[in-house]
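With these hints in hand, go ahead and build the complete structure from the sequences.
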Amino acid sequence: MKNHVLRPLWLALGLIAAVLIARHFMVPDDFGVHGDSFTYNFYRLGAVKYWEDFPAKYQGRERCGKCHDENAETIAASKHSIIQCENCHGPGVGHPKTVKQLPVNGSRELCLRCHEYLAYPSSLRSQLPGIDGNTHKPNKECRKCHDPHQPDLEG
Amino acid sequence: MSCSRRDFLKQSVAGAVAAAAVPTVCTVIFLEPGEAEAAVEGKKLRWTFLVDTEKCVGCGLCVQACKTENEIPYDAPVSRTWVERYVVTKDGETHIDSPIQGRDGYTSPEIRGEVIDPEDIEKAFFVPKLCNQCDNPPCVQVCPVGATFQTEDGVVLVDRDWCIGCGYCVMACPYGVRFFHPVTKTAEKCTFCYHRITEGKQAACVQACPFEARRMGNLGDPDDPVTKIIMTERVQVLKDEYGTKPSVFYLGLDERVR
Amino acid sequence: MSTELVVHGAEWTVKELFVYPNEFIYWSIQIVMYPYMTGLVAGAFVLSSLYHVFGQKDLKEIAQFSLVFSLALLPVAAVPLLLHLQQPTRAMEPLLTPHFTSAIAAFGIVFSTYGLIVISEIWFVYRGYFVAQVHALADQPGIGTALRRLVYRALTMGAYDVSEEALATDHKAAKILAAVGIPVACFLHGYAGFIFGSVKANALWMSPLMPVIFIMSAVVSGIALCMLTYIVIMEWQAFRNRRRGGAVQATEIRGAEADIISKSTRYLLGFLVAAISLEILDLIFRGYTAMKSWDILRSVMYGKDFINIFVLQYTLGNLVPFVLLLLPGRTIKRTVVALVLVLFGVFMMRWNVVIGGQAFSLSFSGYMHYHIPIIPHSVETFKEGLFGALTVAALPFIFFWMINKFVPSLRRDAGS
Numbered sequence: 001m002k003n004h005v006l007r008p009l010w011l012a013l014g015l016i017a018a019v020l021i022a023r024h025f026m027v028p029d030d031f032g033v034h035g036d037s038f039t040y041n042f043y044r045l046g047a048v049k050y051w052e053d054f055p056a057k058y059q060g061r062e063r064c065g066k067c068h069d070e071n072a073e074t075i076a077a078s079k080h081s082i083i084q085c086e087n088c089h090g091p092g093v094g095h096p097k098t099v100k101q102l103p104v105n106g107s108r109e110l111c112l113r114c115h116e117y118l119a120y121p122s123s124l125r126s127q128l129p130g131i132d133g134n135t136h137k138p139n140k141e142c143r144k145c146h147d148p149h150q151p152d153l154e155g
Numbered sequence: 001m002s003c004s005r006r007d008f009l010k011q012s013v014a015g016a017v018a019a020a021a022v023p024t025v026c027t028v029i030f031l032e033p034g035e036a037e038a039a040v041e042g043k044k045l046r047w048t049f050l051v052d053t054e055k056c057v058g059c060g061l062c063v064q065a066c067k068t069e070n071e072i073p074y075d076a077p078v079s080r081t082w083v084e085r086y087v088v089t090k091d092g093e094t095h096i097d098s099p100i101q102g103r104d105g106y107t108s109p110e111i112r113g114e115v116i117d118p119e120d121i122e123k124a125f126f127v128p129k130l131c132n133q134c135d136n137p138p139c140v141q142v143c144p145v146g147a148t149f150q151t152e153d154g155v156v157l158v159d160r161d162w163c164i165g166c167g168y169c170v171m172a173c174p175y176g177v178r179f180f181h182p183v184t185k186t187a188e189k190c191t192f193c194y195h196r197i198t199e200g201k202q203a204a205c206v207q208a209c210p211f212e213a214r215r216m217g218n219l220g221d222p223d224d225p226v227t228k229i230i231m232t233e234r235v236q237v238l239k240d241e242y243g244t245k246p247s248v249f250y251l252g253l254d255e256r257v258r
Numbered sequence: 001m002s003t004e005l006v007v008h009g010a011e012w013t014v015k016e017l018f019v020y021p022n023e024f025i026y027w028s029i030q031i032v033m034y035p036y037m038t039g040l041v042a043g044a045f046v047l048s049s050l051y052h053v054f055g056q057k058d059l060k061e062i063a064q065f066s067l068v069f070s071l072a073l074l075p076v077a078a079v080p081l082l083l084h085l086q087q088p089t090r091a092m093e094p095l096l097t098p099h100f101t102s103a104i105a106a107f108g109i110v111f112s113t114y115g116l117i118v119i120s121e122i123w124f125v126y127r128g129y130f131v132a133q134v135h136a137l138a139d140q141p142g143i144g145t146a147l148r149r150l151v152y153r154a155l156t157m158g159a160y161d162v163s164e165e166a167l168a169t170d171h172k173a174a175k176i177l178a179a180v181g182i183p184v185a186c187f188l189h190g191y192a193g194f195i196f197g198s199v200k201a202n203a204l205w206m207s208p209l210m211p212v213i214f215i216m217s218a219v220v221s222g223i224a225l226c227m228l229t230y231i232v233i234m235e236w237q238a239f240r241n242r243r244r245g246g247a248v249q250a251t252e253i254r255g256a257e258a259d260i261i262s263k264s265t266r267y268l269l270g271f272l273v274a275a276i277s278l279e280i281l282d283l284i285f286r287g288y289t290a291m292k293s294w295d296i297l298r299s300v301m302y303g304k305d306f307i308n309i310f311v312l313q314y315t316l317g318n319l320v321p322f323v324l325l326l327l328p329g330r331t332i333k334r335t336v337v338a339l340v341l342v343l344f345g346v347f348m349m350r351w352n353v354v355i356g357g358q359a360f361s362l363s364f365s366g367y368m369h370y371h372i373p374i375i376p377h378s379v380e381t382f383k384e385g386l387f388g389a390l391t392v393a394a395l396p397f398i399f400f401w402m403i404n405k406f407v408p409s410l411r412r413d414a415g416s
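Chains as they are written, first to last, in this note's numbering: chain L, 1 to 155; chain Y, 1 to 258; chain U, 1 to 416.
Because the hints were derived from the structure by calculation, they are not lab data.
No false leads were mixed into what you were given.
To spell it out: a stretch of chain Y is covered by chain U in this simulated footprint if at least three of its residues, at any positions, have a beta carbon under 8 Å from a beta carbon of chain U; those stretches are: (1) 91-99; (2) 138-146; (3) 153-164; (4) 170-180.
Since the model is a prediction, treat every value here as computed from it, not as a measurement.
Beta carbons: idealized from backbone N, C-alpha and C, even for Gly.
Printed below as a string of structure tokens:
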């Protein structure tokens, strides 16, 4: 009886069939090649939607200015006009409906990000007005003397 | 059977209006605002990024914004974007650091615990880095299950629900932009803030940067201001010898940059 | 921290000089174990095929044993991957949505194919024995015996014909499978080499030689492990028999036989020479062409990893066993020492490739040091630590013991 030779083959085919059936049920319908290339465009279409629907946090200064028009005007007239409100106040998502008040980051470290003077002549950094954080009023919050919305003490 | 000029004109105009209405209607129904603009003007949407290292001051506000916007645990030693500092001294040494990925900015002249005399500095600058959203992304090529991919508008994304966490994509990236998200335990990287740019917003890092060192544009639109710079000025890319065809271009990239 | 905020890799990576922020040693000990285990699988199978395909009659016993051992190793090869995956519950996905441009996607297909071939070959070799057992256990009492008989009945898959003709067919089928299995076994491990060799981002891994180097050293390790396990088992059985004072079946009392060892050793040395030659060729080429990465690679290979590469791998793991096996008057003891060193050498090769490839930063301006977690204090430090590796190392012997209860690979009279 030579047909017993094929028995392992039937077993193998059975297992392959099982995998193919499992694949039919377990692979999402929108999985496939969505584009020109199998190399770069093989994916589940729903994944794009996941990222499109990801919640945005930062709102942008135009939205802040709608209510906080005075502050917006002051800061727009100063050298700090280039800084986003949310850089210091955190993201505005949920404000004012669910977040009554945004925090104020009053730490020295925030200001030193730009204003710790670094002598790098080939970088724009060296052209920013700056101090040596260790010697200029150490441990004191910058905003005690400098208004972040209107930082220039010389007016 | 004569077709008067008036009739002909009427029909032509009607036909033209109909022809214009179809893509307009389709635009409204199917496309996102950015794509819509591009499509109606007959231009393909292909996101591009321009980093101007002449303008970067190392304030790190971009890294802070990115981590907050994209829910990367703030204190974890990983970030979708980071800023590197290069200080080249007169003896030919290049000192490079990126403390906490530049998240808190550079608030000290000390580099890697070493105080460098300003007199010794030949040149020093800051280099922001992020995912290059390559045209030929090696990370996508090596994903065994199709969990990372390239969208039609050129952004490389990760499917968080499908990624098995093998790390092959992380190893395959020549730029080291990928990592494992500590909470989702899947591969993670910069997405050009896909969730923002597809809604007409700016990427978080682009918006946060006070000095316009980071800008984005549409490479498919020749009138896009960023595209114009890329096409007409001298720009560089990182590690082009790998054949990845990055979509992130640099102005002022020094040969010392790693 | 109370919450499990683990950045994978941060725990066991120490950075030196400038390393990109997101870089850590992501592929750690389990990724060293994986090619090591698949290498043993491939090597054991090739050794077995030397008998079945090339008719090396003297190798019959070790061939039988290594075939079954290859099967015992196979599921173990998958374990390091399951321990490494950040999402192990999704481990079936390479079979569900294989992205064939990735070498890892080949894993599901090649692994399954190879598994089917080995299982089928074992079936053909032992089918006669299964049938004989079904008959022999027919009239014996006891639930245990009845269960054993049931297992044997299932194993026969209903093919009870044990005529000369049928058994000859079995033999032929086994031979064909053994022949077909050689390239598949090579592919199984060759693609593991391709996984590394095709990563252009890694200056140490990127090389077309990588798949070939991996195959050669895999066969070396497979032969060495089979020889070693064979010697240990046979010597222990002989020792046990001597203590009992004999009177056990003649088929089990002998120790390891000299001519089997001799023949296997020759093949081992052949593959060893091939493996070493390719590795040295790779090294020479890198130094000669001196690409951008050469400076940092040189500082890693000739500096930080000098002991790992040149002392542990090349000297202790290759040169010393080479000499030990070639010197005249070779004893079983000396052979055992040489085999252990060979296995250690192949392990170091995997370590030097995987860990060595992550010892330098993509920036080419910094280094990463791997501190393997010894005492586990979390799931992650167990899975990717010493104890995880030891678990993987112990499993093939446990599986082999279990399989051997039904497929006695050490008995002369059991297989065809």
